[in-house]
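Number of protein chains: 2
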Amino acid sequence: MSDQRQLHLGAFMRPISIHTGAWRYPGAYPDANFNFSHLKHFALKLEAAKFDAFFMADHLAVLDMPLKALKRSHTVTSFEPFTLLSALAAITERIGLVATASTTFETPYHIARRFASLDHLSNGRAGWNIVTTANPDAALNFGYKDHMDHDARYIRAREFYDVVTGLWDSFADDAFIRDVEAGIYFDPSKMHILDHHGPSLDVRGPLNIARPVQGWPVIVQAGSSEAGRQLAAEVAEVVFAAESTLAAAQAFYADVKGRMRTIGRDPDHLKILPAAFVVVGDSIEEAQAKRAHLDSLVDYDSGIASLNGMLGHDVSGYDPDGPLPEIPETNASRSARARLVEAARTKNLTIRQLAQKAGSYAGLAFVGTPTMIADAMEQWLREEGSDGFNIMFPYLPEGLDDFIERVVPELQRRGIFRIEYEGQTLRDHLGLPRPHNRFFA
Amino acid sequence: MSDQRQLHLGAFMRPISIHTGAWRYPGAYPDANFNFSHLKHFALKLEAAKFDAFFMADHLAVLDMPLKALKRSHTVTSFEPFTLLSALAAITERIGLVATASTTFETPYHIARRFASLDHLSNGRAGWNIVTTANPDAALNFGYKDHMDHDARYIRAREFYDVVTGLWDSFADDAFIRDVEAGIYFDPSKMHILDHHGPSLDVRGPLNIARPVQGWPVIVQAGSSEAGRQLAAEVAEVVFAAESTLAAAQAFYADVKGRMRTIGRDPDHLKILPAAFVVVGDSIEEAQAKRAHLDSLVDYDSGIASLNGMLGHDVSGYDPDGPLPEIPETNASRSARARLVEAARTKNLTIRQLAQKAGSYAGLAFVGTPTMIADAMEQWLREEGSDGFNIMFPYLPEGLDDFIERVVPELQRRGIFRIEYEGQTLRDHLGLPRPHNRFFA
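Line order of the protein sequences matches chains A and B.
According to the numbering used here, the residues represented by the first sequence are 924 to 1364, in order.
According to the numbering used here, the residues represented by the second sequence are 924 to 1364, in order.
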């Protein structure tokens, strides 16, 4: 492998794709939400293409939108991440497996235990995408009347992270001596009882599973608000960034890596991987036509509902062909709202145009030939816009096949993406250090 | 297959065995707790032997015992059930997969969703072993200062069950029409919002996954207290019974099936499967010698700790060679305590002898030749002591190999155990009906 900086590639997966119209695209598998055989083939293909990780997005409620939009959405329902990724662990050998789990609606003992178990099952390939869950309907599924506000969610998330990583450190790496002759299964001096008592959480420990193969599963995080960036700089090892221009991405990259330097973390110990929606064609015109076809499969009812969800505010009563009104602060994801509002203001988009963007895909997209896409990715890598990408396939299986058969070989030819895995664990793939156990040398 | 009543066989699994000394037994895999390849081979062998189900026991804390006992225990730590069984789902095709999940320390939305996901992943092979969690240390891992008392746990369990099954019924079986032309993914008139508000739980719904393949995963339950029996008669489809004599088992069988008749449930819709610890030898003497060797591998420190745990009371201050003192009511599992107290009184056992029993295995055991074991199982089946057994292998892999290579063929020869699976789902194997959706015809 060359000395050049290397791209890291995650596959940001929903069983049918993140795009609302994808299930209607020619060749799509509309039943993939509940058909494991499709997911199995996707994972095997991504592993054959040497992707760093299979990244499973998640929701904790059906989407918060009117029935006339909801009934059109394949994203309403799908496999649950721990069960799906554990099943994929059994039929793959090297690809990383990143599950989304919420710090707002989970308990840290279960989360620590499930990720540790997935890491053992997969021989060191687990990652935890920490989310705080922006969908207010989720609260109602977990016994809460009101959704926790944005800042409170991040405060709890930080404490939750401390507890989970503390639980992972319950046993020293060499605690399990299994001395058959003496009848000693583990050395009790190498077991730590966390006994955490904090503002949001009380958790005794120890965790009832050995320390994960990777020490800790890889910590992935997505928020790009002020609280999200600071959390990323302090604890994340992969950031699933959302900037949609190179300039914005460079600013984000410099900001987060700068925050790391400020607190004494090595900036190489965090990989910034923006989401990238990639549409491949023989020509730019063909690629654009594919995307336009895909976007045309999104109904206006779906688009306006997605827009309302991303804004955290109902704008369906306004003139669809007029401008976006002032939007009050809400508990929705601040980064998603900010991107839309910025797009509306800078490009003078109408509500109808914004709805089309929101219902399709509003973020960074690479649409063109394999060469053009590789050029763009190489530029982002070289100019410190990112350390790689989380690829969103516009439709499956065709979009995935296009990427791995046409773009990946071009990236490999340029020497900026691996031809073979060089290690076993997800940490190996990402070039991340194995965390020290905070309680044992 | 003959018209005779048929045995149903579950494998009650811990990665190394439930027996405290098993990891020290010749040929054992002491690292099986964290080594998936062993579990994979066990599951494949059980499937080849046509077992109804692989049944994963669980704990939500390290065992509540002093370090001098804990350090000797392999049962302290292992894979988490959802992750393990999902991985096994991917490499098996027919065997049922029963996960233990607690109604005291889980939330119903997550539980409903994970079992539904496991059921879809496995094409209809999931079962839920409902437990209320007797280990008081678990409470401390989930933010509670005190453990919920026995009756309160069962009241919550019943409400939890109602919510989980209601969430599984969120969508009609035919809700997902996926009309590509019209762009309608599902029929919204076939989605039900549960909107449950009860004494312990508030859960809105709907669940964000299609109705499970089996309608509902199979409901498994273990308690044999008054509250446990009534819950079983009302909702269970498999009961993991614990009676250790045929007479007691017949009384339990008649009681629970009688309760079913009283409330109008078909008694065939519940299979009573006592736990059976099975040690196979060429002669009864050899089988007994194997068991004695295994039991000799349990240290007294481990035995007394197990005894204290099962009694919910510390008796280590009493004379080991004296009788068991009066034990006050506690929050521990009532059935485990009652069995031990009964054994102590009827057999005049000392604390040391009880500790040996508790640390080894105190329940129903079939120890003998394949013919003797098959005779006993056939008698229990014919005389309505049970509908089959949950087999506890004393040590692995030898105990499992002995059972499937020597006992299973004998049961098959007698026409009381299947030679091939006749259906696909766990409900098919157990002869259980598919539940109607309570909200849709």
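Think of the hints as simulated: they come from the structure by calculation, not from any bench.
The reader is advised that the hints may include incorrect statements.
Note: identical chains are not told apart, hence a pair may lie in one copy or across any two.
[Said to hold, decoys possible] Subject to a maximum C-alpha distance of 30 Å in a straight line, what follows is the list of computed DSS-like cross-link-like pairs (lysine-lysine):
| no. | residue 1 | residue 2 |
| --- | --- | --- |
| 1 | 1270 | 991 |
| 2 | 973 | 963 |
| 3 | 973 | 1068 |
| 4 | 1113 | 991 |
| 5 | 973 | 1180 |
| 6 | 1068 | 991 |
| 7 | 1113 | 1068 |
| 8 | 1270 | 963 |
Hints versus structure:
In this assembly of identical chains, residue 1270 and residue 991 lie within 30 Å of each other by CA distance solely inside one copy; the values are 29 Å within and 70 Å between copies. For the identical chains of this complex, residue 973 and residue 963 are neighbours both inside a copy (15 Å) and across copies (25 Å), given an alpha-carbon limit of 30 Å. In this assembly of identical chains, residue 973 and residue 1068 lie within 30 Å of each other by CA distance neither inside one copy nor across copies; the values are 44 Å within and 48 Å between. For a Cα distance limit of 30 Å, the shortest separation of residue 1113 from residue 991 across copies, 13 Å, qualifies, whereas the shortest one inside one copy, 57 Å, does not.
With identical chains, the CA atoms of residue 973 and residue 1180 are at most 30 Å apart within one copy only, with a shortest distance of 26 Å there and 56 Å across copies. In this homomeric assembly, residue 1068 and residue 991 come within 30 Å of each other (Cα to Cα) only inside a single copy, at 25 Å, whereas the closest approach across copies is 46 Å. With identical chains, the CA atoms of residue 1113 and residue 1068 are at most 30 Å apart between copies only, with a shortest distance of 26 Å across copies and 42 Å within one. For the homomeric pair residue 1270 and residue 963, neither the shortest alpha-carbon distance inside one copy (41 Å) nor that between copies (56 Å) is at most 30 Å.
Consistency note: the structure conflicts with the earlier hints numbered 3 and 8.
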